[in-house]
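Colleague: Using the sequences and the hints, build the whole thing.
In order, the protein sequences belong to chains A, B, C, D and E.
To convert a position in the first sequence, counted from 1, into the numbering used here, add 932.
To convert a position in the second sequence, counted from 1, into the numbering used here, add 9.
To convert a position in the third sequence, counted from 1, into the numbering used here, add 906.
To convert a position in the fourth sequence, counted from 1, into the numbering used here, add 120.
To convert a position in the fifth sequence, counted from 1, into the numbering used here, add 1.
Wrong hints could be hidden among the right ones.
Computed, partial: chain E to chain D, Cβ under 10 angstroms [claimed, not checked]:
| id | residue |
| --- | --- |
| 1 | Arg206 |
| 2 | Ala213 |
| 3 | Ala215 |
| 4 | Ala222 |
| 5 | Glu229 |
| 6 | Gly280 |
| 7 | Arg283 |
List of simulated lysine-lysine pairs, DSSO-like, C-alpha gap at most 30 angstroms [said to hold, decoys possible]:
| id | chain 1 | residue 1 | chain 2 | residue 2 |
| --- | --- | --- | --- | --- |
| 8 | D | Lys227 | E | Lys228 |
| 9 | E | Lys228 | A | Lys1143 |
| 10 | B | Lys385 | B | Lys309 |
Bear in mind the hints are in silico, worked out from the structure with no lab data behind them.
Beta carbons: idealized from backbone N, C-alpha and C, even for Gly.
Listed below are the residues making up each chain.
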Amino acid sequence: MSDTRPEPEVDTPAVPPDPAAPPAEGLSAEVLQMSEEERAAHFADVAEAVAPDREIAVGVGETLLELRDVTLRFGGLTALDSVSFELRRGEILGLIGPNGAGKTTCFNVMTGVYRPTSGQVRLEDRPLGRLKRHRITRYGIARTFQNIRLFDEMTALENVVVGADARHRTSVVGALCRLPRHWREEREGVERAMALLEFVGIADRAADRAKNLPYGYQRRLEIARALATEPKILCLDEPAAGFNPAEKDDLMSLIRRIRDDGYTVLLIEHDMRVVMGVTDRIVVLEFGKKIADGTPAEVRDNPAVVAAYLGVPDDGAA
Amino acid sequence: TDKTGENKQSGGGQANAPAIKADPAPPLPTDAALPAGDGKGKCGKVSIAYIGTIAGASAALGLNILNGVKLAVKEHNAANPGCQVTLKQFDSEGSPDKAPGVVTQAINDKSILGVVGLAFSGESKAVGKAFNDAGLVTVTPSATNPNLAKNGWKTFFRGLGNDAVQAPAVAAFIGDQLKAKKVCVVRDDSEYGIGLADLVTQSLGSKASCQQKVKTGQKEFSAVVGAISSQKPDAVFYSGYYPEAAPLVQQLRDDGFEGSIVAPDGVRDDEFVKNAGGSAEGVYLSCPCLPSAGFTKFTKDYKALANREPSTYSPEGYDATTILLKGLDKGLKTRPAMLNYVKNYQGQGLTKQFKWNADGELTQTPVWMYEVKDGKIVQLKDMSKATS
Amino acid sequence: MSAGVGTQRDPGTARQPFGQRVRDWWNSRSRAEQWMITIPVVVLVYLLPMLNVFPLSTEPWTDYELALFNAARLGLIALGLNVVLGQAGLLDLGYVGFFAIGAYVAAIMTSRDSFLHNPHYSWLVVVPVAMAVTMISGVLIGTPTLRLRGDYLAIVTLGFGEMVRLLADNLDPLRGNRGFQDVGRPPGTHADGSPLFTQTDGKPWYWLTVTFIIVILLLIGNLERSRVGRAWVAIREDEDVAELMGIPTFRFKIWAFVMGAAIGGLSGVLYAGQVGFVNNQRFDVVTSILFVAAVVLGGSGNKVGVLLGALVISYLPDRFQLAPQYRFLAFGLALIVLMIFRPQGLLGARQRLLARGRDAYKRLVGAPEPVSADSALTEQGKGGDR
Amino acid sequence: MALLEIAGMSVHYGRIEALRDVSLTVEEGEIVTLIGANGAGKTTTMRAVSGLIPLSRGSISFNGEDITRLRADLRVRRGICQSPEGRGVFPGMTVRENLDMGCYARKDRKGIDADFERVFELFPRLKERISQQGGTLSGGEQQMVAIGRALMARPRLLLLDEPSMGLAPQFIQQIFAIITEINQQGTTVLLVEQNAQQALSRAHRGYVLETGSVTRSSAANELLADPAVKEAYLGIA
Amino acid sequence: MTYHLALTLAQTESHWIDFNVGLLRDEFWSNTIDGLAYGSIYALVAIGYTLVYGVLRLINFAHSEVFVVGAFGAYFTFVGLGYQPGPTSDSGIVPLIVNLLLAGIVAMVASGVIALILERVAYRPLRKRNAPRLVFLITAIGASFAIQQALLIWRGGNPEPAIRLLRPQAVFEFGTTRITNIQIIVFVASLLLLVVADAFVGRTRLGRGIRAVAQDPDTAALMGVNKERVIMLTFVLGGALAGAAALFYVMQIPQGVLYNGGFLLGIKAFTAAVLGGIGNLRGALLGGLLLGVVENYGQSLFGGEWRDVVAFVLLIVILMVRPTGILGESLGKARV
Ligand SMILES: Nc1ncnc2c1ncn2[C@@H]1O[C@H](COP(=O)(O)OP(=O)(O)OP(=O)(O)O)[C@@H](O)[C@H]1O
Ligand SMILES: Nc1ncnc2c1ncn2[C@@H]1O[C@H](COP(=O)(O)OP(=O)(O)OP(=O)(O)O)[C@@H](O)[C@H]1O
Ligand SMILES: CC(C)C[C@H](N)C(=O)O
Ligand SMILES: [Mg+2]
Ligand SMILES: [Mg+2]
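Modeller: Encoded structure:
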């Protein structure tokens, strides 16, 4: 950045015209030096690395995750009350509802932070039961956090490699003696992590410590880290909070690209423009109960939802 | 012949203890070797070392010896212009885990040809092998654990009677003089305390009806005191050093214990009397050492040097040093020569006749009982006659 | 320059801290250059006992070679504790327990005071057995306690360290204060047939320990730059999230504990061998805390840093001898002052977490791996290859 | 004389310069909005005004008094109160205690009771949860506590850092209504918002912050009409 | 080797630890009462740990020295008042109470002042520099060493001879169990102090300030809490309670004051704080009493040398069942 700014100018964060194309910003040094063709080839590689062995078109629409009558009580408070819904392969499902409706709690139940008082969470028709949290992640549910939680002292790249490690098998002994698998996995992990950083558009600051990144970069880093675990389901908890409208547009295209790469996305968000803009289906919670479930259009017109949540139609909601 | 007939109330803290008449302190033997020698000593730049506690645990016991050693070296150097011996002091802090470090230093100092020490049994045990390997002769003026001499160390010489001598004397005193029927033996966790307690218990036989343990550094004894009180023994024998003995005796008396208390050489120091407050009064102390009251010149010179009375093992330290100095005066320059010299040494000292057997033990060794009276440690009985 | 978010950094306003500059400089060397520096340094370290000259020497107070050995031994301990404390962030105040176990295993297996009645196990057998026993005790201690977080772990480990000492105090076969004499030493003789390893000669001990340190440095470095090291750091940073990112946190914590324990056990064996005597006195909380102090002073998490910390804590008191009580007073005050002036430790922590880190960052970001308080990009950006 | 006057303020985080030569003023009775992209330095500005980070250059004065070096808690006593980014709810205190903390510097018992009622009226949810621990509240509920707590302080200058973050749409409406309302009752407001459309339409004036510097400042409606601002911050391409 | 070892173990095992269930049964009540009196001292000291831990997340290792300084304060007040070491001199009830109060005030002031100095000299500079948490710990340890050694240099390595203002006398007696005057004074007075401290922290505005700084110092400042003052207050309060504990200790314990006499007690008190749930004042009380009592049972059951082992085993067992102590941390943790 130059020290003197002659003219107040507004940087326009580029909204990529093609939602599937990678962003124009946040590229790594290597890519910046490439020619056009090289870049095209490189981005193909990135896409490959981001979704390595995912057969994108397979089983779209099948039930991937299912909540069956999940109830969770905290003392006298029923945070989730017999909630049932399903998440289908390849979709973006919105989870909305007023404050304190139980959305984050839903994530917490799915990822093993809380155990449901009764009911079941099933992934690919297997109950998660009392699986340990890290097992659940390996089974394929990854998440971001409403209050950003990164490994502050690690670089962005390392944060993502930690996510990638969830799929690695090097044993302690293997690492101690640097067995071939260690090398293979390290290479693979770093490459994949870098590809993911490019994918979410923050590769230019791969070498920065997470805590020093601006808020928006941190949110995207969380997404990259979660993706690195190669989840079947990516759960995003208010990813657009604190973004301005232009940044939200970027985010929406990113979420679409994630889905297009074969991930299934579960999205909690209060910004109706985002929710209505990207989701395929929406589940609405209120006071821990599911009150609606349907396409964005259906939900928007549902009087119960309007009363409970949307209130006066939001001017942002297109 | 014992003196059981005399049953007067003593001035001590015990109500029912028999009064015992004190034996006089022995005079200085006329043929005692002195460090000054004939004044014709010839030697190079050589030194001897004192190793033992100086500022560490039970420091007073170490200082008693160290001052004896210092006095001997001073008298020697004053009398022998041709042989100026340096005294090197090493503070082992009295603890077996600190001793190896300083002993290593002493061994690595090639000018040291002989060692007075180590002061305590535990530390002596920890380092005996190192001296043996280095061939550096040691004469201990105070370590009394009998087993020390049974390790096969060729460099170990003990300048006093061991606990196998002290224990029967103590047992005889408790049984014959104090007429105690039930005795509690309290031991600390040191080599010395454990060894002596076992020997005393053995000598007491069925009279030793209870056993208690304390730890080095312990200051709070309510559990032990409670256990002793509930047993109501006639006498308590404490086997250990004064830093623990003082608060223990104080807490025992505080709790209302009225029987006799007996303790060994490890407790025999004014520091004990001071730290125990008034409770030390009437405590009996055994020691394989002589009262120095009879050694008038020694006592005077010692006081001039150290600014206090000679105490436990001051004369013994002096004697041990004298032996080493005499060897140096002869011009011995190597450790093997010194070792050989000490092994074959024979002569009278202030305290006893010195002639070591193959294990490094002496044959003729005194044991005395003392008593705390009016805040002072005074001699009571020569027990060597009572047991032999 | 790319659009959007970011901040200007003002390179002129703050000078880089010294440790930082050293590290930046080091990281910008090539591998070959690094080796060219490392090898002479290692040789120098091995030659240290020969440099018994004025400013270095600790004589006449302390035998110089033994002072070196003791510093190296504390370095080894600090290295082990660093795995637990610096890497995994587990505040272990009872590390001395493992040190003690190592020493006692050696004593029991070799001393003639042992209840095994004159056992004669070779030192080469003792080392693996001692390490195995400490590792097992690491698992035994870790399993119930490592589920605890943060300072709960601190007090429990402190309790564990005390318990080891109290057991040594109270269990008759462990001989309390009396201890075990004549603990076994490594084999080997001089040309004249006298034993190589003795209580009085520090050199062989020092060399042996330095060799152990180098081997362990390499191994630990391997771990650090692997998923294990990353997992440790992640756990240290945010244990909940680490677990939610698929890290079996408990297992990795145990591993950290066990590795630390093994190294602690090893140094216990070395200690017992050189001193030749083991009793219950050297294993108290204060000693444990000294270990922690070495790590934090050097820079928790930085391998080279903690070695430096150990050197300071062990060598300085030997170098400048004071009366014992003044020594501790000076030591306490020095700790306070040092920590005020170098709160990050002598060398701050920033380990490399990626095996291919240097290459990866160079290629992908156009900068060496970052070690600075902020972006490496800016440092490099000035060079302007973008 | 402006109520709050910041002149030539620079702030560093270690070696990073987060703010450079920022000058802005807030007149008594105004609502002033600060907009800017992620990392532009909005939060940093707010923290500097509250005294949580020191300036490396420049000065801040409040009500004519130079407060550049004044301790944070004393600034509160002068009448500056902030609802911080990330909410800052005390996790181990109940909702009631959290709200109580808002009037830490206040003494008028009667006024405090009235204000409690007002906050509960605004956020009935908080009344339901009055003895729940702050740390277990949902994100939005915490946001309500943070705003309610700032209101309880009855400050002269209220600093709100992204008050709408994490709130459901119906509350967002409400929050902005409240801001206008308390402003009309005499409280001056400095507002940081990503919801720039809403914020600017309620504000008197606005500043645009970019990578640590003020790049634009004018009346709120002018900013709203500015095409560059529209494109960058209002999402109306 | 295994065989060798097993054989030896089998031979020696029976001597390793002796159980004495009978003694535990006989002494159950006196153990309980004694433990409560002793435990209330733990509790008072534990509060200092808990408060400082709560606010700074610092295990203030030097708190044990704060305690010892208080003990010296009480001791020298006794000396100044003309009491002699050794057997108790009987003075009337009124002068006794006045003297005890005086000693208590001196002890509390001495401890409070030393705690404050500690804060100013050792910890504040670190806060200014944003030092990592572990560094505070090391500084605390350094301070602990320094104070201890300064006391050693000043008073030497032998305990001051104990001075007792009143001899323990049974006030109530049933069977073999007796409750002494000292036990009653110590227990009641500590409980009173604990209740006052708890009310202060829980109810008053300043107390709320302490908790706010503990949970989120920046936001607390935004609410108008003077962080520095609160921290000072915390140290002074914790210090003063340690001073009170020191007086009770001097009254109750039949040993003199020693330069390192606080060390083990400090560790136990910290254990008590953790046991109850650190950062939680009532937890400190509960933990202290529990520890005091259980230690005594352990002592009867296994013998005095196992007392400390019992304390730590208790800690481990409780933390395994309740990982944040019996009452839990009062400082709530943020949700995931
Ligand atoms: N650990 C807990 N103890 C008690 N109550 C809890 C706990 N966790 C959540 N709750 C309550 O459960 C309800 C649901 O919380 P949750 O965080 O799921 O809401 P949400 O839908 O994510 O809301 P928001 O949009 O505000 O983030 C809230 O009322 C909250 O106060
Ligand atoms: N504690 C910190 N240490 C280092 N850098 C920081 C710190 N806090 C903020 N920064 C940097 O300062 C710059 C300004 O941050 P600030 O939080 O003020 O931005 P903001 O405008 O509030 O952004 P957002 O919309 O994301 O809240 C950012 O580049 C950020 O990376
Ligand atoms: C100085 C003496 C009291 C030493 C004691 N006799 C011992 O053997 O340890
Ligand atoms: Mg939520
Ligand atoms: Mg912000």
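Colleague: Is the straight-line distance between the alpha-carbon of B/Lys385 and that of B/Lys309 30 angstroms or less?
Modeller: 18 angstroms, holds
Colleague: Is the interface hint satisfied for E/Arg206? The criterion is a beta-carbon contact with chain D at less than 10 angstroms.
Modeller: 7 angstroms, holds
Colleague: Answer holds if the nearest beta-carbon of chain D is closer than 10 angstroms to that of E/Ala222; otherwise answer violated.
Modeller: Since the shortest Cβ distance to chain D is 4 angstroms, the answer is holds.
Colleague: Mind checking the alpha carbons of E/Lys228 and A/Lys1143 for me, to see if they're no more than 30 angstroms apart?
Modeller: OK: E/Lys228 and A/Lys1143 at ~25 angstroms, within 30 angstroms.
Colleague: Can you verify the interface hint for E/Glu229: is its Cβ closer than 10 angstroms to any Cβ in chain D?
Modeller: 8 angstroms, holds
Colleague: Interface hint check: E/Ala213, Cβ to nearest Cβ on chain D, cutoff 10 angstroms. Holds or violated?
Modeller: Constraint on E/Ala213 satisfied, holds at 6 angstroms.
Colleague: Does the structure keep D/Lys227 and E/Lys228 at a Cα separation of 30 angstroms or less?
Modeller: This hinted pair holds, its Cα atoms lying about 19 angstroms apart.
Colleague: Any CB of chain D closer than 10 angstroms to the CB of E/Ala215?
Modeller: 8 angstroms, holds
Colleague: So, as I understand it, the hint says E/Gly280 touches chain D; can you test that by seeing if any CB pair is closer than 10 angstroms?
Modeller: Because about 8 angstroms separates E/Gly280 from the closest Cβ in chain D, which is inside the 10 angstroms limit, the hint holds.
Colleague: Taking the closest Cβ pair, is E/Arg283 under 10 angstroms from chain D?
Modeller: 14 angstroms, violated
Violation of the numbered hints given earlier is confined to hint 7; every other hint is satisfied by the structure.
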